[in-house]
Structure formats: C-alpha cells, structure tokens
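Here the protein sequences come in this chain order: E and Y. Following my numbering, the numbering of the first sequence begins with 30 at its first residue and continues without gaps. Following my numbering, the numbering of the second sequence begins with 11 at its first residue and continues without gaps.
Think of the hints as simulated: they come from the structure by calculation, not from any bench. Check before you lean on any hint, since a few could be wrong.
DSSO-like, lysine-lysine: derived pairs with alpha carbons at most 27 Å apart [as the list claims (entries may be wrong)]:
no.	chain 1	residue 1	chain 2	residue 2
1	Y	12	E	235
2	E	212	Y	12
3	Y	22	E	235
4	E	251	E	235
Note that the structure is predicted; figures quoted are calculated from it, not measured.
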Amino acid sequence: MAVRDYIRQRFFPHLWCPGCGHGIVMNGLIRAIDHMAIPKNDIVMVSGIGCSSRITGYVDVHTLHTLHGRALAFAAGVKLSRPELRVIVPMGDGDALSIGGNHFIHAARRNMDITAIVMNNRIYGMTGGQFSPLSGSGTQASTAPFGNIDPAFDVVSLAKAAGAGFVARSTTYHVTEMIDLLKQAISHRGFSVVEILSQCPTYFGKHNGMESAVDMMENFRKNTKSLGKIPEGYSEDKVLRGVFVNENRPEYCQEYERIIASAMKGET
Amino acid sequence: MKKILKDIRINKAWCKGCGICVHFCPGKVLEMDENDKANARYPELCICCMMCELRCPDLAIEVISDDESTDEVSS
Ligand SMILES: Cc1ncc(C[n+]2csc(CCOP(=O)(O)OP(=O)(O)O)c2C)c(N)n1
Ligand code: SF4
Ligand code: SF4
Ligand code: SF4
Numbered sequence: 030m031a032v033r034d035y036i037r038q039r040f041f042p043h044l045w046c047p048g049c050g051h052g053i054v055m056n057g058l059i060r061a062i063d064h065m066a067i068p069k070n071d072i073v074m075v076s077g078i079g080c081s082s083r084i085t086g087y088v089d090v091h092t093l094h095t096l097h098g099r100a101l102a103f104a105a106g107v108k109l110s111r112p113e114l115r116v117i118v119p120m121g122d123g124d125a126l127s128i129g130g131n132h133f134i135h136a137a138r139r140n141m142d143i144t145a146i147v148m149n150n151r152i153y154g155m156t157g158g159q160f161s162p163l164s165g166s167g168t169q170a171s172t173a174p175f176g177n178i179d180p181a182f183d184v185v186s187l188a189k190a191a192g193a194g195f196v197a198r199s200t201t202y203h204v205t206e207m208i209d210l211l212k213q214a215i216s217h218r219g220f221s222v223v224e225i226l227s228q229c230p231t232y233f234g235k236h237n238g239m240e241s242a243v244d245m246m247e248n249f250r251k252n253t254k255s256l257g258k259i260p261e262g263y264s265e266d267k268v269l270r271g272v273f274v275n276e277n278r279p280e281y282c283q284e285y286e287r288i289i290a291s292a293m294k295g296e297t
Numbered sequence: 011m012k013k014i015l016k017d018i019r020i021n022k023a024w025c026k027g028c029g030i031c032v033h034f035c036p037g038k039v040l041e042m043d044e045n046d047k048a049n050a051r052y053p054e055l056c057i058c059c060m061m062c063e064l065r066c067p068d069l070a071i072e073v074i075s076d077d078e079s080t081d082e083v084s085s
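My request is simple: use the sequences and hints to build the entire structure.
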C-alpha cells in the first residue's frame, strides 16, 4: 500500500516542528508495517502524552492516545483481551522512563507480546525542554541552564535487565536499519524494545549547540556504531546500534491461556 | 537491477524546509527553493536510493522509479 494509505491525511501537515525526528520514526514504522503486510485492522497503536505520542493521531490503524507514562498499562489491557492483535507502543523518553519507568520495567519482566518504541530525544519536547532521565550529565536543558547533573539511563541495559525478549537500538539517521529492527521487533513473540535516537532540534538541539536537525543527525551518524562492525578490543566511546537481545521466553498471554486451560480441566 | 527514475514528487504543502533530504542526498539532486521548500534540481543525478523519502519527517517526498513493483519500498 502507499504511505498515504497508512495516515490520516486530514491531520497533515503534522504538528511536529521542522526536522523533528519523530516524523522519521513514524515514516520508518509505516514502512515496517507495509513491508510486513500486516492488515491495518490487526494493529493497535497505543501512546501516552508527549510530542512523540502524537503519532497515534497520524497513523491510520486502531489507535489509543492515553495518559502520560501509562501507555503500556493500556496496551497490556488491549493485548490481554485481544491477544491476536499486534500492539505497538511508541513512547517518548520521559513518557517511557520517568513517569512510565515502573510500567516499563514490569512490562519487560512480564514479557507480554508488545512492541515498545522509545523515541529518545533526550528531553521533554512537549512541555518546553526540561531534562529527562535520558538527557545525561553535562547536557543543558531549560531546567538545567548550568548543566544537568543526573546521569542517563541506558535503555538497552535497563530493558535487558528487566527481562525484555527483544532489545535493539537505532537512530533516525540509520533509516533502513531502523525499519529492519522495527520489523524484527514486531515479529518477535514477547516484549520488544526498540530505542530510536530521535532529534528535537527545537529544544535539545538549541540547548546543546546543535542548531539544526541535520547537525543532530550528523551526530547520530558520527557517534554511533553498528554492533556488527565492532573489531576485537574496540574501546571507542560510541553509542552502539543493532540487536542486543533476541530470546524466546514464555510469553504472558500464552501462559495465561495455558493456566485457563488447565484450570478448566480442574487441574491446579 | 538498476533503477530508473520516473519522478521525484515533493508535496510543498507538507514540506517544512528542514533540509534533511538536501543535506544527505548522495547525488546532490536536491536543493531548497526560494520558499525554503525542497526542490528536485538535478533529477538526472538521482540514483533512486530512496533515502530522501525515508528520512523525510513530513512524508513530503516520494521517489518514483521504474521497478516500483519490485522495489523494497512501496509507495
Ligand atoms: C500525569 C502527567 N504529568 C505530566 C504531564 C506533562 N507532560 C506532558 S508531555 C511530558 C513529557 C514529554 O516528554 P517525552 O515523553 O520525552 O516526549 P517528547 O515530547 O519529547 O516526545 C510531560 C511531563 C502530563 N501530561 N501528565
Ligand atoms: S518540540 Fe521537539 S519533540 Fe516536540 S515536535 Fe518540536 S522538535 Fe519534535
Ligand atoms: S526532508 Fe522533507 S520536510 Fe525536510 S526539506 Fe526535505 S522534503 Fe521538506
Ligand atoms: S533517491 Fe537518493 S539520490 Fe535520488 S534524490 Fe533521493 S536521496 Fe537523492
């Protein structure tokens, strides 16, 4: 299908700022869904609140635009009631890991078949550029004019430690890789996390000496490295991209069905 | 198979002039026009890599090539 068949054209041009990386994530997600030929009716996209979360207004699948930080809780409800549907949850870094941090780790631990996408722009875009748990020490934000003290979470390590079955990372510069990882994540039976480094030129860029979306994407290009291309003894301080975890662990909805089946037989 | 360009369509009403497509185009095909919208200035240099289309945050650019049906990206 054409890209325009996956969007609600009446809401375009969309509200994201010029060069906002969230548009590139939406673009990639549409391609991933199209390549996989998943019928639109089989997809439920659930988001919270934030610039990133506006994606559910634009993509023409079943969508729920819910509460800040709580998208995974709503998504879990949808998935448990209709396990045959594909549930995709795009989140901002604040949404996923500040207010939504507990939902995130427990969703990963349960390993319910949901695809979580962390659109990581390292800042609260929607509310004016406050620092987030992904900003990292030394960065500037509207609430850290002299520099942020807090170190950042590593989304990949966090998701891995919490038990997610599939964990990957890419950026808005590396679009073909991003599409491939999204396809793998959506196909994976279990809780999948794809962190996508995304640019907020309006706040993160302005506060941190990167004037444009292009500068920020150049930064993704120069300062990240594919896992597959790391030579032995590699010690450079670059952000790694690729698939970090891909394991089949018992999936929550299947286990739930199993318990129902055995309880119905009178077994305990 | 080598792709042959048929058209580069730019939706000027959706383009926000971010310059991402222009900056990263390997063939230097694109430029910004006088209204700060993307413009396909040298289509003959296009290698149909699709990168501009895939990296556009505004879904404003579409590259149509002759093997569209077998293209990795359908649009
Ligand atoms: C319960 C609640 N607390 C706070 C807010 C205010 N709020 C809206 S969006 C947001 C953070 C947005 O940042 P992020 O999730 O990183 O997404 P981005 O806008 O950067 O894409 C906050 C704090 C809210 N809407 N609801
Ligand atoms: S404020 Fe930042 S995250 Fe929000 S739309 Fe603008 S560039 Fe994107
Ligand atoms: S990437 Fe898209 S929005 Fe940006 S200048 Fe090119 S066509 Fe316009
Ligand atoms: S398809 Fe590739 S070569 Fe052609 S205009 Fe787009 S980025 Fe440039």
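Here is what the structure says about each hint:
Distance hint between residue 12 (chain Y) and residue 235 (chain E) is unfulfilled; the C-alpha atoms sit about 41 Å from each other, more than 27 Å. For the hint linking residue 212 (chain E) to residue 12 (chain Y), the alpha-carbon distance of about 26 Å falls within 27 Å, and the restraint holds. Pair hint residue 22 (chain Y) plus residue 235 (chain E) holds up; C-alpha atoms about 26 Å apart against a cutoff of 27 Å. With a C-alpha separation of about 19 Å, the suggested pairing of residue 251 (chain E) with residue 235 (chain E) holds against the 27 Å cut-off.
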